[in-house]
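Protein chains: 2
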Amino acid sequence: MQDKILDILRRSHQYVSGEDISAHLNISRQALWKHIQNLKDSGYDIVAVPHLGYRLIASPDRLFPSEVAYRLHTKNIGKKMYYFDTLGSTMDVAEELGQKQAPEGTLVISEAQTKGKGRLNREWSSPKYKGIYFSLILRPKILPNSAPVLTLLCAVSVCEAVKKVCGVEIKIKWPNDLFIRHKKVGGILTELNAEMDAVRFVVMGIGINVNNDTTTLVEGATSLREQNNKVPLNRVELLQEIVRSIEARYLLFQKEGAVSTLTQWRQHALTLGRRIKVLYHKEHLEGEAVDVDGDGALLLRTDAGLVRRVTAGDVVHCR
Amino acid sequence: MQDKILDILRRSHQYVSGEDISAHLNISRQALWKHIQNLKDSGYDIVAVPHLGYRLIASPDRLFPSEVAYRLHTKNIGKKMYYFDTLGSTMDVAEELGQKQAPEGTLVISEAQTKGKGRLNREWSSPKYKGIYFSLILRPKILPNSAPVLTLLCAVSVCEAVKKVCGVEIKIKWPNDLFIRHKKVGGILTELNAEMDAVRFVVMGIGINVNNDTTTLVEGATSLREQNNKVPLNRVELLQEIVRSIEARYLLFQKEGAVSTLTQWRQHALTLGRRIKVLYHKEHLEGEAVDVDGDGALLLRTDAGLVRRVTAGDVVHCR
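The listed protein sequences derive, respectively, from chains H and E. Numbers 1 to 319, taken from this note's numbering, label the letters of the first sequence in order. Numbers 1001 to 1319, taken from this note's numbering, label the letters of the second sequence in order.
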């Protein structure tokens, strides 16, 4: 019911009389007043003026599903959303939902994570209301080998969305790090659940530092706000744009394969054309990063001239 | 307590006086009598003779963890077992346990499955007390790409165990079917849970027709009993041997890689050296199956002379 009231207020941009709202939703004036109080308690700035009615002045800085869904206009992604104030990790909840047949496109959003996950059991700092932390369930009809290309797809989508919303250019360090001017601003995590010849589902995790100021950032990290002349961003708008961008790229990927995503990825790549070291467990491999292949693997030309396919490890840029 | 009583009876091969057992386990004669009744109800054939005591004549044809664990002598595999009379699918329970950090080597055994799983959502018929149906959780330190080699590893282990227990020769059809004289006797299913560059865990599912007579077998299927001159097999003994064989091969794989497993696999392979078709979704590929590679992929030489790496699909033997 509160979502319906919000919907009416959002659409009008004007004062709407309590009588009209009550009549439209078939509730009493008293019930309406109670709902308005609850919305105010949730952070909605709603003014009430006698003889004019109610007006929505501002929505709170929260990634409420009703806010994210409003004018989202996607087909699948975000049709189902789970929202949490604080969570261990959105990945774990999404993984569980994936096991329970949650539909493709399901989002798990949390305002904070106490055990935010990075690659290889590393931690991802997720301070409350500062960033965007969500996991997305996809059920692509691909082989497990091709799953890494989804990491690239989401990375490109985030770059495109951020560019559109605030004009800031993000660069991608293979496989999953998002950088602005050599400082880390976000990352993509991909978890796979598969038979040997069929993906059952993947969980894509996306974490972005959005409105963090320098006090909530570790060394080497940055936020979009810091890179946007300290102007805070509307997190709802950015999340919507990311979701739209992922959906567009994902539909294209299903229809035409990875070509378009790879072309875009190359343009944002921080890693290509550089001399790099790849560290994996105790091994390392050195050479020039020449390209990515259709499954998202990095192609590395060693000094002996051999091209090696790299699917795992940490990349260190040399020099 | 019942396991402890069984243990005493098993070890003695003789009558053991109730007084001795009670004293040893520090329980009353009355309590002992009650436990013995419960064991009889579970199918244990225990005779009680005045002045002599109790003697275990026979154990029931059940895959009880206490039976499987008795003289199993493995280091990890089977240290933790879950046993069910009937289950939807051992895969689903093992998957859930894997998510909950169940240790490597955990077994989920069921006497029957109502929704036994084959590859690609196919069904695996699992009539009660006839076969061996279990899932095994492994946590190998390998890349997701290498997981298919575990399918081959388990297939080879089953071949070795069956050969040892009843002398019957099993052949393997890539990737996961077990055949005797061109009839299907079992299969291996591998489910993967991974990040892009680290396997979190795999669930290996093994289903074998053991004591099925022709009435409980579909066309094209056979059982070990049918191929063993209709002599029924001791399922506990066979399961123990399979578990031991998997552990030995898995330890070797971790230490020295897949070489030994692949060598054995080639000897049992029904597919190699033959002209085959591989069907995947609506595509198909034809040629000669020449080998498997170190990640468990099938190498197919097409008529154009190209060697293609096949990681998915159904193999049809031509001619």
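Treat each hint with caution, since some may be false.
[Claimed, not checked] Heads up, simulated DSS-like pairs for lysine-lysine below, C-alpha to C-alpha not over 30 angstroms straight-line:
| no. | chain 1 | residue 1 | chain 2 | residue 2 |
| --- | --- | --- | --- | --- |
| 1 | E | Lys1128 | H | Lys141 |
| 2 | H | Lys282 | E | Lys1100 |
| 3 | E | Lys1100 | H | Lys115 |
| 4 | H | Lys100 | E | Lys1230 |
| 5 | E | Lys1079 | H | Lys277 |
| 6 | H | Lys79 | E | Lys1230 |
| 7 | H | Lys80 | E | Lys1277 |
| 8 | E | Lys1163 | E | Lys1100 |
| 9 | E | Lys1079 | H | Lys141 |
| 10 | H | Lys141 | E | Lys1230 |
| 11 | E | Lys1277 | H | Lys100 |
| 12 | E | Lys1141 | H | Lys115 |
| 13 | H | Lys141 | E | Lys1282 |
| 14 | H | Lys100 | E | Lys1128 |
| 15 | E | Lys1184 | H | Lys255 |
| 16 | E | Lys1079 | H | Lys100 |
| 17 | H | Lys115 | E | Lys1183 |
| 18 | E | Lys1100 | H | Lys80 |
| 19 | E | Lys1141 | H | Lys282 |
| 20 | H | Lys79 | H | Lys128 |
| 21 | H | Lys141 | E | Lys1115 |
| 22 | E | Lys1277 | H | Lys255 |
| 23 | H | Lys184 | E | Lys1282 |
| 24 | H | Lys100 | E | Lys1115 |
Please keep in mind that the hints were generated in silico from the structure rather than gathered at the bench.
Any of the earlier hints contradicted here, and which numbers? Hints 1, 4, 5, 6, 7, 8, 9, 10, 11, 15, 17, 23 are the ones this structure does not satisfy, whereas the remaining hints hold.
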